[in-house]
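Top to bottom, those sequences are chains A and B.
This note's numbering applies: residue 1 is where the first sequence begins, and numbers increase by one.
This note's numbering applies: residue 1 is where the second sequence begins, and numbers increase by one.
Do not take every clue at face value.
Residues of chain B placed beyond 10 Å of chain A at every Cβ, according to the derived structure [as the list claims (entries may be wrong)]:
#1 Arg-18
#2 Ile-58
#3 Arg-65
#4 Ser-86
#5 Glu-159
#6 Asp-204
#7 Leu-250
Only some residues are given here: those of chain A computed to face chain B with a beta carbon under 7 Å [what the hints assert, rightly or not]:
#8 Gly-18
#9 Ser-29
#10 His-31
#11 Ala-33
#12 Asp-34
#13 Asp-36
#14 Val-45
#15 Ala-64
If you are wondering where the hints come from, they were derived from the structure by calculation, not from laboratory data.
The structure displayed is predicted, hence computed values, not measured ones.
Glycine is no exception: its CB is placed at the ideal position from the N, C-alpha and C atoms.
As a plain string of letters, each chain reads:
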Amino acid sequence: MTNDVRAEWPLYEVFVRGKRGLNHVHVGSLHAADDDMALRHARDVYTRRNEGVSIWVVQSHLIAASSPDEKDPMFGPSNDKVYRHPTFYEIPDNVPHM
Amino acid sequence: MSVTTTELEAGFDATVHRGDRIEPRDWMPDGYRRTLVRQIAQHAHSEIIGMQPEGGWITRAPSLRRKAILLAKVQDEAGHGLYLYSACETLGVSRGELTDNLIEGRQKYSSIFNYPTLSYADVGTIGWLVDGAAICNQVPLCRTSYGPYGRAMIRICKEESFHQRQGYELLMTMMRGTDEQRAMVQESVDRFWWPALMMFGPPDDESPNSAQSMAWGIKRNGNDELRQRFVDMSVPQAAALGVTLPDPELRWNPERGAHDFGEPDWTEFMAVVRGNGPCNAQRIAHRRRAHEAGAWVREAATAYAASLASADLGVPAPTSADASQRETGVRA
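From just these sequences and the hints, can you work out the full model?
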């Protein structure tokens, strides 16, 4: 009993495109024996009410992710570059279309 | 450069205090993780066991319309269970462990599902009162401090509104019917009202985990506050339906701006939680049977996937001759 429970189907992450013109967005995860089954299960679990027009599934272990511990060094370089934002530049109010 | 537990804990507390979400790979206190696993697992199990009381009425629904609605609702509950199991698994427990914990009785589910559904009106009452109480509990959980749990709750709450409305509409239809049908609705409401109030859990001063859960931002409201909110919402709905709620102490209190109501029978509640409700054994036995009867399907799918994977690794792909044979086969 306990043994066959341990032999689990792999975990998949599910991404759904809500409608044409939008990105696929991560909606959750599920277990499936293979890719085909993951797509079918994703349809049943995550798109019962027209939530999507396209589904991607990928085995969770194939996703490389940044580590939360490296938060500062990883995203630090973009933090101190305020000049990358349009609001950094002062333009007089009387200049149109800017 | 090692970070001490105190520093980690301070970072965690600051995140929760800011109202930011904790995500799976963040550091979190062991107690926080344990509390979440217990609560999310119990919630997931409730959705899965919750399919049973209503599932029994699918084949006996009085019309194709009602059958389609009930099928969709029970399928939603399976889906809700899966969202929540996924959220729970991000905390480092496996699906297999969770299923084992349920059928071995190591984790609980909401005691409301240990009451039987004796008449078809119960399908409506469960939608109106049981799902109504669930919505009261769940809406604040959309803002819970653990990200995956909150996201699962947002999805669930969107779908739960259909559950409550179909139940109320079913009861309205019966109330427009015969005297016998009206009596069925009243009898059903009489049986479910008190168990629905118990769904919010024991009073705050007797709820062992509440204070810590609130401090961690897992829970946002106390049990008594949510129970009061549910009573105040249900009274006008009962009046519109034309049923009475079985509580002689229930009356509007203008000073509090809320309804006073009687105390649920907490002795009964504790008995049901401990496993002595009318249907505890039956619910678990059914879940175990379904799980064991499905074992060969899980094994076959695993074997099939393994055979496909090994084919990818070395066995030559089908030739065009094979393909044309297959085509002939299809035409024949």
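Comparing the hints with the structure gives:
No Cβ of chain A approaches the Cβ of Arg-18(B) within 10 Å, the least distance being about 14 Å, so the stated non-interface status holds. Even its closest Cβ contact with chain A, about 17 Å, leaves Ile-58(B) beyond 10 Å, as expected for a residue assigned away from the interface. With a cut of 10 Å on Cβ distances, Arg-65(B) stays outside the contact zone with chain A, its closest approach being about 18 Å. Distance check for Ser-86(B) against chain A: the nearest CB is about 5 Å away, which does not clear 10 Å, and the non-interface claim fails.
Some Cβ of chain A comes within 10 Å of the Cβ of Glu-159(B); the nearest lies about 7 Å off, and the non-interface call is violated. No Cβ of chain A comes within 10 Å of the Cβ of Asp-204(B); the nearest lies about 33 Å off, and the non-interface call holds. Even its closest Cβ contact with chain A, about 37 Å, leaves Leu-250(B) beyond 10 Å, as expected for a residue assigned away from the interface. Of the supplied interface hints, the one on Gly-18(A) is violated, with its beta-carbon coming no nearer than about 13 Å to a beta-carbon of chain B, more than 7 Å.
A least Cβ separation of about 5 Å between Ser-29(A) and chain B falls short of the 7 Å threshold, and the interface hint therefore holds. Residue-level restraint check for His-31(A) holds (minimum Cβ-Cβ distance to chain B is 6 Å; threshold 7 Å). Residue-level restraint check for Ala-33(A) holds (minimum Cβ-Cβ distance to chain B is 4 Å; threshold 7 Å). For Asp-34(A), the suggested interface contact is upheld, since its CB lies about 4 Å from the closest CB of chain B, less than 7 Å.
Because the smallest distance between the Cβ of Asp-36(A) and any Cβ of chain B comes to about 9 Å, over 7 Å, the interface hint for this residue is violated. Here the hint on Val-45(A) is kept, as its CB sits about 5 Å from the closest CB of chain B, short of 7 Å. At its closest, the beta carbon of Ala-64(A) sits 13 Å from a beta carbon of chain B; the interface hint therefore is violated under the 7 Å criterion.
Consistency with the previously given hints fails for numbers 4, 5, 8, 13 and 15, ordered from lowest to highest.
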